[in-house]
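> The numbering of the sequence shown is numbering that gives the first Met the number 0, which starts it at 0 and goes up by one.
One thing to keep in mind: the hints can contain errors.
Listed next, the in silico DSS-like pairs over lysine-lysine satisfying Cα-Cα at most 27 angstroms (straight line) [said to hold, decoys possible]:
id, residue 1, residue 2
1, K285, K275
2, K140, K70
3, K165, K285
4, K70, K7
5, K350, K115
In short, the hints are calculated from the structure, not lab data.
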Amino acid sequence: MECESVMKFETKTIHGIRKGKKRELWGTNVNFASTFPVAEFGVTQEFEYSRVSAPTRNELEEILAALENGKYGYAFSSGMATTTSVFTMFKAGDHIILGQDIYGGTYRIVHDIYSKFGLEYTFVDTTDLDNIRNAIKKNTKAIFIETPSNPLLDVTDMRGVVEIAKEHNLITIADNTFMTPYLQKPLDFGIDIVIHSATKFLSGHHDLLAGVAITNDEELAEKIKFSQVAAGALISPFDSWLLMRSLKTLKLRVEAAQRNAEKLIEFFQSHDAVDKIYYPTLDTNKGKKIHESQATGGGSVFSFTLKDDSKVKTFFESLKVALFAASLGGAETLVTHPSTITHAEMPDEEKEARGFTNSLIRIAVGFENIDDLIEDFKQALEK
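Hey, can you work out the whole structure from these sequences and the hints?
What follows is the structure, given as structure tokens:
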């Protein structure tokens, strides 16, 4: 379609990348083939072997790249497969800087796996750009951030990070899972690579695992593609199709969940059992103004702490509508305990230092009726 480049976000999610499709054939087909006949000896063709290139996956990758205003997109079998593949561009002796408040799976892959292969790393509070500057070494190659972060919803200034990175010729990587490209587009601020656990909001139904890496840099794209092909941690054709179908409702789902989150936070602010609330657009978040300058909403994930630490177990066991489960971004409201679930493998002393206390609870708000959610959390808080 000639107008693809000027389509608004929700139109892109619905109409995708038609690329010469006849109007009567606008639907997306699922191609399950693992190999394709060679048409002419010695001539490379678009589809030869599905680990290298596959019709359904390719279409998904083009759509996801377009939603992030990117040129190159690569889909993987999970969010962690994506992160792992991106990190393969680094070698033994390289050093990377990461936000200290990041997803536990990212912490694990760096601390427990890549460190064995000689990758050096430093975790810092990226909300203060001086911490990033002070952590840079001669062998530093990249800065990895989440903004807002998981689980404390801390905000990192992407413009500031990019400025520092350019001064030192560093690669910047941003995990945009919490915001989705509907609310925030890191590439627009100069970030080199944006990644998602597409298992979460992009999929939106808690029924598939997927990940994606997107960039505008051709050299970085070639490195990511090489890792994708070499390691083969790919999303399947059927999951590619499911994910494309889910993208059609992304805007509606994100908006509905965010509305519920904002109302639920108002309720939590008024309840005596609640101590602190963590959400990027609250006045108590020191990064509020920065977040509002780089995102169009606060999203639907927030965390809070209970005043009485002994009530945590009872709170989880009392939930009737919301589910005690890991993950986020689906129709159902999920409540999790970072200290024992998402960041369980982080040493206790590091969890305490980062504020991942026993009383910290994370809520990924879905789009059930808000009155039902408020009533559910009210009775759980008062048990």
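> Would you mind marking each hint as holding or not holding in the structure?
Cross-check of the supplied hints:
As the CA atoms of K285 and K275 are separated by approximately 14 angstroms, the hinted pair is consistent with the 27 angstroms bound. In summary, the hint linking K140 to K70 is supported, as the alpha carbons are separated by about 23 angstroms, within the 27 angstroms threshold. Proposed proximity of K165 and K285 is supported: the alpha carbons are some 25 angstroms apart, at most 27 angstroms. Taking the CA atoms of K70 and K7, the gap is near 17 angstroms; set against the 27 angstroms cutoff, the hint holds.
The hinted pair formed by K350 and K115 meets the criterion: a straight-line CA distance of about 22 angstroms does not exceed 27 angstroms.
In the structure shown, no violation is registered for any of the earlier numbered hints.
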